[in-house]
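Chemist: For chain A, the structure is supplied; the task is to place chain B on it using the hints.
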Amino acid sequence: GENVEQHPSTLSVQEGDSAVIKCTYSDSASNYFPWYKQELGKGPQLIIDIRSNVGEKKDQRIAVTLNKTAKHFSLHITETQPEDSAVYFCAASFGRVTASKLTFGTGTRLQVTL
Amino acid sequence: EAGVVQSPRYKIIEKKQPVAFWCNPISGHNTLYWYRQNLGQGPELLIRYENEEAVDDSQLPKDRFSAERLKGVDSTLKIQPAELGDSAVYLCASSNWDTSNEQFFGPGTRLTVL
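Chains A and B supply the protein sequences, listed in that same order.
If you read the first sequence in this note's numbering, its first letter stands for residue 1, the second for the next number, and so on.
If you read the second sequence in this note's numbering, its first letter stands for residue 1001, the second for the next number, and so on.
A hint or two may mislead.
Facing chain A, according to a computed beta carbon distance under 7 angstroms, are these residues of chain B, among others [what the hints assert, rightly or not]: (1) GLN1041; (2) GLY1042; (3) PRO1043; (4) ASN1101; (5) GLU1102; (6) PHE1105; (7) GLY1106; (8) PRO1107; (9) GLY1108.
Hints listed in this document are in silico derivations from the structure and should not be mistaken for laboratory results.
Quick reminder that beta carbons are idealized off the backbone N, C-alpha and C, glycines included.
Just chain B, with the same shape it has in the complex:
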């Protein structure tokens, strides 16, 4: 089966510009996660969706970050405006907690803000 797909893989932007990341989870997975991974650190959860509902967005900086998961499948994470400190790898993961605890991660999008 196809894994979690993310695009783009790399993005370089200047500060104050907007940026968007896209994620296509594994087919049938009801839960989708967005993580941010700073250099040399573990992933940190930004937001978790169960189907279309954002059930945990407590770590999402809502002044500049937004996310949506239309129809409970694909998801988009947006930053507007980007700041220097937003440079990181943004990881998307999905799971089907009806059957397994395992979270399957995509390859991530490496964002560089200049």
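Extracted from the complex, chain A is given alone in its bound form:
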């Protein structure tokens, strides 16, 4: 089955700096790669996603890049703010229904300090 590795496990940045989180996946058939943000006591919330036919996607301060050849994808957050502090999960899925079975990474705890 699919295996997703995520690094780093913790990341501390100063407000205004950029943060980068990286993930690798094992199954070349995976075709959908979402990123979720999880705040304390809440369920994960989708912040951005990318399909295998796209190399990069951007939404305001958040961007995701995908390298299918190397089987890795990354989340980039620019101009970080204290409210960006949370745990971020990458995920990968494949199948007829692209979000049918998500395999999650182990998470990155991002702390944005003042």
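Modeler: Same frame as chain A, now just chain B:
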């Protein structure tokens, strides 16, 4: 629109006792997922329903876990008997793959088995 509703939010039981979790998905969502999230880990899929049908329960420990989704709406996940290792957050998510890949998560039920 209302999000995914789960109850209870917290549950503490002694080992060997039964426990049940309830989920009400977003109205109109045809797909419902149950995940287990261990401390410091990403969510892991237990079972996925498309309408009333369980289409992927390969990760559900069927000796003690059971689930149902009556009338293709609400769902209940049951553990009987609970073991110490079942302590985790149980997340419910829903989606409508006719229109979107996004899975919407509920806040989860934190289970502690003593």
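Chemist: With reference to the structure, classify each hint as holding or not holding.
Modeler: Hints, verified against the model:
1. The interface hint given for B/GLN1041 is met, as the beta carbon of that residue sits about 6 angstroms from the closest beta carbon of chain A, less than 7 angstroms.
2. The restraint placing B/GLY1042 at the interface with chain A holds, with a minimum CB-CB distance near 3 angstroms, inside the 7 angstroms limit.
3. Restraint check, B/PRO1043 versus chain A: the minimum CB separation of about 5 angstroms is within 7 angstroms; hint holds.
4. Residue-level restraint check for B/ASN1101 holds (minimum Cβ-Cβ distance to chain A is 4 angstroms; threshold 7 angstroms).
5. Interface hint at B/GLU1102: satisfied, since its Cβ lies 5 angstroms from the closest Cβ of chain A, which is below the 7 angstroms cut-off.
6. Because the smallest distance between the Cβ of B/PHE1105 and any Cβ of chain A comes to about 3 angstroms, under 7 angstroms, the interface hint for this residue holds.
7. Given the 7 angstroms rule on beta carbons, the hint for B/GLY1106 holds: about 5 angstroms separates it from the nearest Cβ of chain A.
8. For B/PRO1107, the shortest C-beta to C-beta distance to chain A is roughly 5 angstroms, which falls under 7 angstroms, so the interface hint holds.
9. Below 7 angstroms, beta-carbon pairs count as interface contacts, and B/GLY1108 has one with chain A at about 5 angstroms; its hint therefore holds.
Hint check: no violations occur; every hint is consistent with the structure.
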